[in-house]
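K.L.:
Sequence:
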Amino acid sequence: MPKSRAPYPAEFRQQIIELVRTGRTPEELAKEFEPTAQTIHNWVMQADCDAGRRHEGPTSDEQEELRRLRREVKQLREEREILANHFG
1 MPKSRAPYPA
11 EFRQQIIELV
21 RTGRTPEELA
31 KEFEPTAQTI
41 HNWVMQADCD
51 AGRRHEGPTS
61 DEQEELRRLR
71 REVKQLREER
81 EILANHFG
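In UniProt numbering, the protein residues as written are 1 to 88.
Possibly wrong hints are sitting among the right ones.
Said to hold, decoys possible - DEER-style ranges, computed between Cβ atoms: (1) Arg71 <-> Pro9: 20 to 28 angstroms; (2) Ala51 <-> Ile82: 38 to 46 angstroms; (3) Phe87 <-> Phe33: 29 to 37 angstroms; (4) Phe12 <-> Glu79: 38 to 46 angstroms; (5) Glu11 <-> Thr36: 35 to 43 angstroms; (6) Glu34 <-> Ala84: 45 to 53 angstroms; (7) Glu28 <-> Lys74: 35 to 43 angstroms; (8) Ser4 <-> Pro58: 32 to 40 angstroms; (9) Gly52 <-> Arg80: 34 to 42 angstroms.
In case anyone wonders, no lab produced these hints; they're calculated from the structure. Positions of the beta carbon are idealized from the N, C-alpha and C atoms, including for glycine.
Whenever a hint applies, use it, and build me the whole structure from the sequences.
P.N.:
Okay, here's the thing in structure tokens:
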């Protein structure tokens, strides 16, 4: 399993996004800072979605709700399976 690192702080992500918006490229910033160009590109796209400038995918709030609902569905399925096995 690949190593995962702690998420970048929100302030850092916002500063990188602002640098992209001033004309710097994600590739330039990736050489100067630690995140990859793809990560930086993803941050900019997500910030645009959250601000309503882009409608290609769910906002951060919608993504969090999807994660919560998926966890809930998983738990309910497990509970249903336990009850089905118990009562046969």
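K.L.:
Confirm or reject each hint.
P.N.:
For each hint, the structure was consulted:
1. Arg71 <-> Pro9: 20 to 28 angstroms: Holds - the Cβ-Cβ distance for Arg71 and Pro9, about 25 angstroms, lies within 20 to 28 angstroms.
2. Ala51 <-> Ile82: 38 to 46 angstroms: With Cβ atoms ~44 angstroms apart, the hint holds.
3. Phe87 <-> Phe33: 29 to 37 angstroms: Because 57 angstroms falls outside the window, the suggested range is violated.
4. Phe12 <-> Glu79: 38 to 46 angstroms: 40 angstroms, holds
5. Glu11 <-> Thr36: 35 to 43 angstroms: Violated - the Cβ-Cβ distance for Glu11 and Thr36, about 19 angstroms, lies outside 35 to 43 angstroms.
6. Glu34 <-> Ala84: 45 to 53 angstroms: Taking Cβ atoms as reference, Glu34 and Ala84 lie about 48 angstroms apart, which means the hint holds.
7. Glu28 <-> Lys74: 35 to 43 angstroms: 41 angstroms, holds
8. Ser4 <-> Pro58: 32 to 40 angstroms: Hint violated: Cβ distance 22 angstroms, outside 32 to 40 angstroms.
9. Gly52 <-> Arg80: 34 to 42 angstroms: The hinted range 34 to 42 angstroms holds for Gly52 and Arg80, with Cβ atoms some 38 angstroms apart.
When held up to the earlier numbered hints, the structure conflicts with 3, 5, 8 and fits the remainder.
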